[in-house]
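Line order of the protein sequences matches chains R and G. In terms of my numbering, the first sequence opens at residue 14 and continues consecutively. In terms of my numbering, the second sequence opens at residue 42 and continues consecutively.
Bear in mind the hints are in silico, worked out from the structure with no lab data behind them. Check the hints yourself; a few may be wrong.
What the hints assert, rightly or not - So these bits of chain R aren't anywhere near chain G, every CB distance computed over 10 angstroms:
| # | residue |
| --- | --- |
| 1 | 208 |
| 2 | 230 |
| 3 | 237 |
| 4 | 259 |
| 5 | 272 |
Unchecked claim - Heads up, incomplete: computed chain G residues facing chain R, CB under 8 angstroms, no partners named:
| # | residue |
| --- | --- |
| 6 | 113 |
| 7 | 116 |
| 8 | 233 |
| 9 | 289 |
| 10 | 310 |
What the hints assert, rightly or not - Simulated pairs of lysine-lysine, DSBU-like, Cα-Cα distance not exceeding 35 angstroms:
| # | chain 1 | residue 1 | chain 2 | residue 2 |
| --- | --- | --- | --- | --- |
| 11 | R | 161 | G | 60 |
| 12 | G | 60 | R | 268 |
| 13 | G | 183 | R | 41 |
| 14 | R | 56 | R | 219 |
| 15 | R | 268 | G | 183 |
Quick caveat: nothing in here was measured; it's all calculated off a predicted structure. Ideal Cβ positions, reconstructed from N, Cα and C, are used throughout, including at glycine.
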Amino acid sequence: MTAGNGALEVRNLAKHFTIGGGLFGPEKKLVRAVNDVSFTVPKGTSLGLVGESGCGKSTVARSLLRLIEPDAGSVVFDGIDVRAAKGAALRQLRRRMQIVFQDPYSSLNPRRTIQQALEEPLRVHRLGTAREIAEKIETAITEVGLPKQALDRYPHEFSGGQRQRIGIARALVLDPELIVADEPVSALDVSVQAQILRVLERLRDKRGLSFLFVSHDLGVVRHFCERVCVMYLGRIVEQGVTAEVFDRPLHPYTKLLRDSSPVPDPTARLTLTKIMGEVPSAANPPPGCTFHPRCVRAAGPCMTDIPALNEHDRGRQAACYHPETWPGLQAVAAAG
Amino acid sequence: MQQNQETALDIRGLRTEFKVGGRWYPAVRDLSLDVAENETLAIVGESGSGKSVTALSILRLLPQAGARIGAGEVLFEGRDLTKLSEREMSSVRGNSIAMIFQEPMTSLNPTMTVGEQIAEAITIHRGASQADAMAEALRLLKEVKIPSADSRLHDYPHQFSGGMRQRVMIAMALACRPKVLLADEPTTALDVTIQAQVLMQLDELKEAYGMSVVFITHNLGVVAQIADRVAVMYAGEVVELATVDALFANPAHPYTVALLRTMPRADRATESLEPIPGSVPPVTAMPEGCAYASRCPLKQPSCEDKRPELLPFDGPGHQVRCPVRLEQTRG
């Protein structure tokens, strides 16, 4: 771990929840929502986290900011241990790492103007005089492409896309270095989605922001993120450069996910000969590789042992005993 | 319409209005569409384009107060659905025209087993006995590929996953062998791998039952997967109508062109997304002329004066509501 390189480094992150166990409820059970998740987001880059509902991608996002306390593993941002930080140090970290949610309406107080909503984080962090605060807010609101008059209005007066701009502006006023974006464009129409992605791209280029970008949409991730981690039932099953991962997937789940994503081209209709089953419950995952009941390549150890995330050529990683084969993409032997 | 096929449903000049501040405003204007037997017609558009209102108008499921069908006809089996009594209409709904919605949990009764709910439609519309109806319900659950259907028949909706609930809804819609299935964003709430399963299943069932499907969606990727023909809606109007191949190979309306450019693809790199500037005009302030003019790169002064008509473009069945584009291709 190098100190002060501006990167976010996550190692072996785990989060478990317990369900049931009440007086009349079902038996108490441990849900391993996130298991052994490791990745790095270098300064100024975007890492995508893709997967279907319940794969743990949002839990990872929230654990990083300790909006949910992780159970194990380390989260290091710019050389500072996030999990060990307390008091002023934690507050300082939270200024530098901001989150943008899917539905900004549910995270904006309907009785406060946009001005008040944007002021609050600055007051909490005691940043600047009244005049400096006003300037910061004006910069942020213009940066996301809204007029200054928007500041005197209330959240209900804005459309979904405009509210998402406000959500982004609120994250920006603190001059963060990393933005965790949890499905930031999923609730928006495509034309508006493109507008918001433009805003985020501009911020990444201009401010040198890093992004952890959580999404279920492979198209959006391919467009916005250099690298991607594919999650399935709480584990990363594949990671690498986004275009390479989607063009030449190693893990059968990545391939299934890609082949299921509809593309606007009637000549490329889905030809899934065998799409099997649904994602099993995280409370009762299958033994071995959790994907094996849906996998066409499952055989031998897949049923009993969890595969490790192995190194492949070109900086790729995949957790699979029988990965897809592509020329020039062999597993790196015993990398340790 | 596909060649040599009978029209199953014919909408002519539909105008659906909503009351806002004491005045009636049209949410759907001058909408004419037909669906052939055994055809899938996709209606694609963004929020507020009027695509769902169109489906609700066909089945007359609009709210009692504050909404009305202002003009037009919906012709089905020789009758105009807009003129039927409420009683006659209930014998059409869920019977010869069925509908499935985006969120199955809000359409299913949480206090009845799924078997009872499917059987209910069969006893009401077909007068079958409870035992026969339950047997048919079981057959339908198997047909939509619900695993261990025999025991799931007696389960309640909350015991099913989202994808399975949507299959239950489809089974229920198929119960009376409808001629037309209206599907309003049926896969939008589902994960992509489940969406792919449901889309392929809908396509198989369409063939097996010889149904027509009106598939409403905002997702152009889904349109490309499932549609035979496509109607693109903008601000309450159809702006382009084409076969699915023509629409994606040769989009005519500037809005369709722009929409295709805003969608990032999973299978190839999109260098730069081009957002559509501006926003859809509100229903209470529709401009005189073309509704898309304020956002359109091809805009001419004349666009703002007169509302354009939906006119034939090159290629069979291809229509577009844009005089500038028509001029370009002719000139």
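Those earlier numbered hints the structure runs against, lowest number first | 1, 2, 3, 4, 5, 6, 7 and 12
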